[in-house]
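Asks: Sequential numbering from 1 applies to the sequence shown in the UniProt record's numbering.
Bear in mind the hints are in silico, worked out from the structure with no lab data behind them.
A portion of the hints provided could be inaccurate.
To be verified - Derived DEER-like restraints, expressed as beta-carbon distance ranges: (1) N165 with I73: 44 to 52 Å; (2) N165 with Y99: 43 to 51 Å; (3) T225 with N165: 15 to 23 Å; (4) R78 with W55: 32 to 40 Å; (5) V155 with E266: 39 to 47 Å; (6) Y273 with V169: 20 to 28 Å; (7) K222 with D117: 18 to 26 Å; (8) S54 with E170: 12 to 20 Å; (9) E266 with V180: 48 to 56 Å; (10) T146 with D117: 22 to 30 Å.
Just so you know, even glycine gets a beta-carbon here, dropped at the ideal spot from N, CA and C.
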Amino acid sequence: MRSNRRLRWAAIPIAALMSVVLAGCTQDQLQGWLPTEPGTTNNVDRVIGLWVTSWIVLLIVGVLTWGLTIWAIVVYRRRKGQTGLPAQLRYNMPIEIFYTVVPLILVLGFFAFTARDQSAIEQAYEKPDYTIQVFGKQWAWDFNYTNDDVYYAGVQGQDDPDDDNGNLVESEIPTLYLPVGKQIEIQLESRDVIHSFWVIDFLYKKDMLPGKTNYMYVTPEKEGTYTGKCAELCGEYHSMMLFNVKVVSQQEYDSYIESLRAAGNEGQLGHEYDRNQNLPGIGEPAHEEE
């Protein structure tokens with residue numbers, strides 16, 4: 001009875017504290033300070049849910065662990081006048097089983113939910129509305145709009161001489177256009193070394209490997225301009241390998257495609273511009289001279 005009473009008195013302040021903390025949370029705090037907004041893409045809410053739920057579970061485990069540790073320190077502290085060693089106890093089988101099984105359940109749970117969400121995010125579209133081929137190169141980006149047979153060739157960003165904060169000239173940063181509400185398949189390629197395609201607000205990134213094609217599947221659901229960058233150290237000017245993603249209406253997207261066509265950017269920028277022409281599957285096989 002006395003132990004139950006103690007548990008109730010301990011639970012009341014914890015519940016009150018959690019209520020106050022959660023009631024005062026901003027939107028940033030409720031989504032775990034992730035750099036995006038709910039509904040940005042079809043996958044963002046799923047990632048936010050996994051992230052926030054994981055932290056709540058870990059916080060509960062942490063509070064229980066800290067509480068039990070402090071309780072043991074206080075209850076079993078050396079009293080005034082006590083001498084010698086305290087009573088030596090043997091192992092407690094129920095507790096041994098408890099702190100072996102619970103962490104195992106937590107690890108398996110995190111793994112299961114992560115695998116479930118990753119499988120959903122990586123699920124390929126049967127018939128994507130648009131397919132866009134993205135080439136990473138030291139230190140810029142090429143975009144092939146394959147459905148419309150036009151391309152954008154990016155150049156390396158340059159420091160803005162009028163900006164003391166080290167920002168790049170905005171007009172020279174490569175920009176990828178995506179139509180809002182459409183299923184997009186993004187084919188990821190590299191022309192030289194390993195890069196990583198990361199649109200920060202989309203909460204997802206994927207490596208770009210020379211000689212291998214990786215894929216991303218996304219449906220952007222909010223119009224706006226989003227920041228992207230290479231997330232894999234790829235050489236001297238890695239920090240300047242930035243790009244923007246503009247999610248626009250279908251009309252604005254069509255207008256942009258026509259502007260590329262009018263500028264003479266018809267066709268596709270293929271692997272002929274890759275620096276590593278001796279990789280498997282690139283170019284013609286080499287023949288030894290007789």
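Asks: Verify the CB-CB distance for N165 and I73 against the hinted window 44 to 52 Å.
Replies: holds (49 Å)
Asks: Take the C-beta atom of V155 and the C-beta atom of E266, compute their distance, and say whether it sits inside 39 to 47 Å.
Replies: violated (19 Å)
Asks: Determine whether the Cβ-Cβ distance between S54 and E170 falls within the hinted range of 12 to 20 Å.
Replies: violated (36 Å)
Asks: Taking 15 to 23 Å as the hint, is the beta-carbon distance of T225 and N165 inside that range?
Replies: With a Cβ separation near 19 Å, T225 and N165 satisfy 15 to 23 Å, so the hint holds.
Asks: That 32 to 40 Å hint for R78 and W55 (C-beta), does it hold up?
Replies: Hint holds: Cβ distance 37 Å, inside 32 to 40 Å.
Asks: Assuming the hint says 20 to 28 Å, is it satisfied by the Cβ distance from Y273 to V169 or not?
Replies: 23 Å Cβ-Cβ, so the 20 to 28 Å window holds.
Asks: Verify the CB-CB distance for N165 and Y99 against the hinted window 43 to 51 Å.
Replies: Holds: the Cβ-Cβ distance is about 50 Å, inside 43 to 51 Å.
Asks: Using the C-beta atoms of T146 and D117, is the stated range 22 to 30 Å upheld?
Replies: holds (28 Å)
Asks: Mind checking the hinted window 18 to 26 Å against the Cβ distance between K222 and D117?
Replies: Given about 20 Å between the Cβ atoms, the range holds.
Asks: Starting from the range 48 to 56 Å, see whether the pair E266 and V180 falls in it by beta-carbon distance.
Replies: Hint violated: Cβ distance 25 Å, outside 48 to 56 Å.
When the structure is compared with the earlier hints, violations turn up for hints 5, 8, 9 and for no others.
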